[in-house]
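Line by line, the protein sequences give chains A and B. Per the numbering used here, residue 11 is the first one in the first sequence, and the count goes up by one each step. Per the numbering used here, residue 11 is the first one in the second sequence, and the count goes up by one each step.
It is worth saying that the hints were derived from the structure and are not from the lab. Be aware that one or more of the hints could be misleading.
Copies of the same chain look alike in the list, so a pair counts if it works inside one copy or between any two.
[As the list claims (entries may be wrong)] Each computed PhoX-like pair below joins lysine-lysine, with the alpha-carbon atoms no more than 25 Å apart: (1) K50 x K168; (2) K39 x K166; (3) K168 x K39; (4) K230 x K134; (5) K177 x K39; (6) K220 x K168.
In case you want the letters, here they are:
Protein chains: 2
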Amino acid sequence: MSKEIISSWDKNAAEWIKVIQNDSIPSRKFTNLAILETIKQLDGDKIVDIGCGEGWLTREMANLGWEATGLDATASLIEEARKNSNQPFEVFTFEDIIEGKNIPNTPFDAAVFNFCLYLKDGLKELLSNTLNQLSKDGVLLIQTLHPYFLIQNDLKFKSQWLSDSWKGLPGNFTDGHSWYARTMEDWLHELNQLENSNFNIREILNDEEKPISLIIKINKI
Amino acid sequence: MSKEIISSWDKNAAEWIKVIQNDSIPSRKFTNLAILETIKQLDGDKIVDIGCGEGWLTREMANLGWEATGLDATASLIEEARKNSNQPFEVFTFEDIIEGKNIPNTPFDAAVFNFCLYLKDGLKELLSNTLNQLSKDGVLLIQTLHPYFLIQNDLKFKSQWLSDSWKGLPGNFTDGHSWYARTMEDWLHELNQLENSNFNIREILNDEEKPISLIIKINKI
Chain A
11 MSKEIISSWD KNAAEWIKVI QNDSIPSRKF TNLAILETIK QLDGDKIVDI GCGEGWLTRE
71 MANLGWEATG LDATASLIEE ARKNSNQPFE VFTFEDIIEG KNIPNTPFDA AVFNFCLYLK
131 DGLKELLSNT LNQLSKDGVL LIQTLHPYFL IQNDLKFKSQ WLSDSWKGLP GNFTDGHSWY
191 ARTMEDWLHE LNQLENSNFN IREILNDEEK PISLIIKINK I
Chain B
11 MSKEIISSWD KNAAEWIKVI QNDSIPSRKF TNLAILETIK QLDGDKIVDI GCGEGWLTRE
71 MANLGWEATG LDATASLIEE ARKNSNQPFE VFTFEDIIEG KNIPNTPFDA AVFNFCLYLK
131 DGLKELLSNT LNQLSKDGVL LIQTLHPYFL IQNDLKFKSQ WLSDSWKGLP GNFTDGHSWY
191 ARTMEDWLHE LNQLENSNFN IREILNDEEK PISLIIKINK I
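Use the sequences and the hints to build the structure in full.
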């Protein structure tokens, strides 16, 4: 993860904790439920929440009966996560995974990236190296903004860097970091490059029946 | 193909020929170019244009050097196609393919369905049986409306039957047939069911950089 992203999260961690713990992002009503429903349908014992933030999803995983580890690059978020449960939470970066380091408590039956993939380059390596740390028949889940986001925000429908990751969120955020938005074509292109795997994609809708996110399920085969 | 669809095309064939031969559908400027560009990148000698209508694409395939066969369920369109070139054109239905009949002039190196897949049921069998009639490393191309169509037309973002296939087209059409519009999720679900193949998808844009169609490329492996 770039220094820009880590620096932005360091500056905004306290505000983010408030926003998440107050359930302030309206779309999360749909997307939190969607990722939890998807996790409920998985088989396995051990799961890792990569980019766990303050750890709400890692805690929910434990409620569902999983032995769940949470990882995040931002130390103050991991500190907050540790206050709220006795689960293993570790500062660990995407770069650590890309460099081939062993994830704490590996191997896992499932890994989840929930709204934390901001990167353009290195995605294939990040996902491949995560798949490599899963057990046989392991599953990798990604939740990310639906490409329709581009149209809805009057942007050209092409993959592109967007400048402010906090834009539109209900909090007093500063120093937004850039993030790379992908079209569906480019998501499929990335997923087609992963070896020994197949995938399917769910399109998550809000109560106006507009698509808001994708849940990508990659199966190790 | 259902009787409703064949009957609608029988009634509107003359009007369709006029619309196509006058280049009256604005989006075709982009989508015709897109399917031709995709075909140019294929290797092979023999190609089949399934649902060829009055045969414009089959003729263009010949211009690109292919030995091209055109098939359509509507006899009057095949009659028009035969007037305009000496290529093989045959009345042949999706049901013929689904029932496992040999396509005239099979095997092919490539097969194309350009804006003609209206069906809900039987899609897997139609595509599988077409793939079975391709040579080793053969390619099946589909061009279809982009699922964004649903949002653009204020419809719920879910796969659904739409009642009038001619709606919005610049011609005096009557007795529109129904057609089944799919979300991206449901397209991927269908494609994932095809055996011994992989696929990728291009999203074709208009000059406002809005997505208008998908070109699905299925590779036999």
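Up to 25 Å CA-CA - K168 versus K220, copy category: both (19 Å within a copy, 9 Å between copies)
Alpha-carbon proximity context of K39 and K166, limit 25 Å: Between. Shortest inter-copy distance 19 Å satisfies the 25 Å Cα cut-off; intra-copy 28 Å does not.
Within, between, both or neither: K168, K39 at alpha-carbon 25 Å: between (28 Å within a copy, 20 Å between copies)
Intra- versus inter-copy proximity for K134 and K230 (alpha-carbon distance at most 25 Å): both (14 Å within a copy, 24 Å between copies)
Copy assignment of K50 with K168, given that the CA separation must stay at most 25 Å: between (33 Å within a copy, 23 Å between copies)
Within, between, both or neither: K177, K39 at alpha-carbon 25 Å: within (19 Å within a copy, 36 Å between copies)
The structure shown violates none of the earlier numbered hints.
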